[in-house]
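Enquirer: As they're listed, the protein sequences go chains A and B. Note that my numbering has the first sequence beginning at 1, numbered continuously upward. Note that my numbering has the second sequence beginning at 1, numbered continuously upward.
It cannot be assumed that every hint is accurate.
Stated by the list, open to error - Straight-line alpha carbon distances no greater than 20 angstroms define the calculated DMTMM-like cross-link-like pairs of lysine to aspartate or glutamate that follow:
id: 1; chain 1: A; residue 1: Lys329; chain 2: B; residue 2: Glu356
id: 2; chain 1: A; residue 1: Lys31; chain 2: B; residue 2: Glu356
id: 3; chain 1: B; residue 1: Lys286; chain 2: A; residue 2: Glu53
id: 4; chain 1: A; residue 1: Lys185; chain 2: B; residue 2: Glu295
id: 5; chain 1: A; residue 1: Lys31; chain 2: A; residue 2: Glu53
id: 6; chain 1: A; residue 1: Lys387; chain 2: A; residue 2: Glu429
None of these hints come from the bench; they were simulated from the model.
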Amino acid sequence: MSIELKMPALSPTMEEGTLAKWLVKEGDTVKSGDILAEIETDKATMEFESIDEGVIGAILVAEGTEGVKVGTVIATISGEGEVEVVVPAKAGTADSITQSAKESAAPPAVPDQVRDDVKPKPRPADPAIPAGTNMQTITVREALRDAMAEEMRRDDRVFVMGEEVAQYQGAYKVTQGLLDEFGPKRVIDTPITEYGFAGIGAGAAMGGLRPIVEFMTFNFAMQAIDHVINSAAKTNYMSGGQMRCPIVFRGPNGAASRVGAQHSQNFGPWYASVPGLIVIAPYDAADAKGLLKAAIRSEDPVVFLENELIYGRSFELPELDDHVLPIGKARIMREGSDVTIVSYSIGVGMALEAAEVLAGEGIEAEVLDLRTLRPLDREAVLTSLAKTNRLVIAEEGWPVCSIASEVMAICMEDGFDHLDAPVLRVCDEDVPLPYAANLEKAAIIDAGRIAAAVRKVCYR
Amino acid sequence: MAKSAPSRKATDKTAVGEETFALRSLQDAHDANPRFAASDEQLLHFYEQMLLIRRFEEKAGQLYGLGLIGGFCHLYIGQEAVAVGLQSALKAGHDSVITGYRDHGHMLAYGIDPKVIMAELTGRAAGISRGKGGSMHMFSTEHKFYGGHGIVGAQVPLGAGLAFGHKYREDGGLCMAYFGDGAANQGQVYEAFNMAALWNLPIIFVVENNGYAMGTAVTRGSAETHFHRRGTAFRIPGMNVNGMDVLEVRAAAEVAVAHVRSGKGPVLMELQTYRYRGHSMSDPAKYRTREEVQEMRDNRDPIDAAKAELLARGVSEERLKEIEKQIRSRVVEAADFAENSPEPEMPELYTDILVESY
């Protein structure tokens, strides 16, 4: 039985090569592992090993031949004895694979409806709050803590780990009291080692637990971003849906106050660009609690972006046994008919403030809180735009490649016919955040700037 | 380095002083009894598993050459005794395993069907990751094989997380986290060492030292080339093991597993091994001589050694030939399956991004 030796592909990009040198001649006996030839690829000179045993029959391509296409038969080996070698490729198989690879390089012929983000599906709504429900006033900090505590009571796979989360009671006191209730097995102080504990958290999630990993701030999570993205976000896809990573990475995000450039950055757009992640950035206490509980229950990895400056703010929260909100749904914070202001996190407060001022001027602004940055609620943005025909995005973060850019793209792609004015964005200045009080103030968005942009799109 | 007597037990490191820090106790235990006393059937089984990996990887190399496998493809040829010897000491389906991108051999050693591995290599729907992972990203939660990770060193803290899970659930399991001599220089490895030792996690860190981090010889990339000593700073006992003899590997694994299983915390094993092929398929391997490779193949090969030992024990040549024949046919079957299975359907592009729908 004669085996055909074919010109091998020796790199991911090789299509042809030079048969530089034969190290065997016709009639030589070879065994598995013997070097048969040297082949020059597009990258380097490679050795071509035999995996078969036998005698070299004909050498069909002489050494020194250039431009030998991958798959060309270059020699034959006559097999000896019992070794059953089946030449795997039928003639032309390599070519047909290359061909099909080329075909699939073209945009896939998949109708738009298949895409998750435009697929029609039932629209989840916030659960109705029964009439007569008592409203309590609670800080965002307490709401987050209560969300974790309730979920830890409900599911013993849930645990919290991070720097100073246990004995210190949380660097920002978000985990206050958890150690007392749940003990050191489930409320775990880590060393200052973000890359390491983000990986340990992700591994624990792959193994079936439900970790909540607190970053003291998301600025430090840059040390760990490999595990957030490469380990947590991509695993379900890469495993064909076999291995999940249900983990929550949470902590304060965005500018705090006078802490300078390295501690003041909004990472929302970074994480929101990654398929496989859920990204949530709530504003008030009710959303903080309801969405954190949903995040902990989710089978998917969630980046949950809080804001230090709103931890201490108090809001109304319905007193319900189990206050869980849908992920991926924006919320109308204030109804209006003249213009839409889209925002999230701390920007929502500024947008509401701007809307008050504008109302005094006769402009009724609708304020839409995105709440979830990925998957982003396109439908809510477009519905509000269709109603008001004018839109401004307010984002406490840099303007370039931002959530604001994304919302503008959505308006252009799917809302163009509804626009009566260009969409404007109000973002932080495009600079590292300065320390000096006056410069810092100048760099960060405020209600005044949002109101000014609204007047502009309303041509006032 | 404190050296304790071979008989001294490893003691609770948190409760006692520096002088009893038994860093070498496991090495001493291994040195005292370096080879596993395998029965003929056990050795035959190891031989069969190693040969399956060898033949599978040769076939993968061939399919790569034919353009049926694309991208990066890192073969395990030469290192077979490591995965086979270590995995044999674990409780299958109970203990967890995680490794880097040179993962085909580990999966075969864990009993995962060669067909679905090969079909993943060729990017087919029947592949273990439905064709969406490829050579470096394969997983089997059923076998508690957690990948298959493409970022050098990332699997080490992930493995510590798996070990954390065993401890959290108090299920008596442990995690074996494999990485290479190259990954051993990643910072996150030491972050994981620190927490694993601090929290007494049930984990065996395994450095597969094959001598080269891609094209960089260990002496050119590592200030401390005795990788088993690198746990010293974290009070993790180390073991230096001949990774070219499956019975020595198995014997060492038993020492490590017993230590971890008894709740004494992590162990760092260094397995001295060698890869015959390049780092990946596109590596011309010009950083070492052909003689060096040939010397290992001729004199240190773990499969040849096992075969010689089996023959010396009186196992018949015919029996070994029959095994060889069966393996060849399993590998050919896997290759045929991988070649003839259809590519993933187009809608597969959009599935498995998220588990839930929002």
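Enquirer: None of the hints should be skipped; say for each whether it holds.
Expert: Okay, the hints, checked on the actual structure:
1. In summary, the hint linking Lys329 of chain A to Glu356 of chain B is supported, as the alpha carbons are separated by about 14 angstroms, within the 20 angstroms threshold.
2. About 53 angstroms separates the Cα atoms of Lys31 of chain A and Glu356 of chain B, which puts this hinted pair outside 20 angstroms; it is violated.
3. A hinted pair counts as satisfied when its Cα atoms are at most 20 angstroms apart, and Lys286 of chain B with Glu53 of chain A does not qualify at roughly 25 angstroms.
4. For a cut-off of 20 angstroms, the pair hint linking Lys185 of chain A to Glu295 of chain B is broken: about 52 angstroms separates their Cα positions.
5. Taking the CA atoms of Lys31 of chain A and Glu53 of chain A, the gap is about 4 angstroms. The hint holds against a cut of 20 angstroms.
6. With a C-alpha separation of about 30 angstroms, the suggested pairing of Lys387 of chain A with Glu429 of chain A is violated against the 20 angstroms cut-off.
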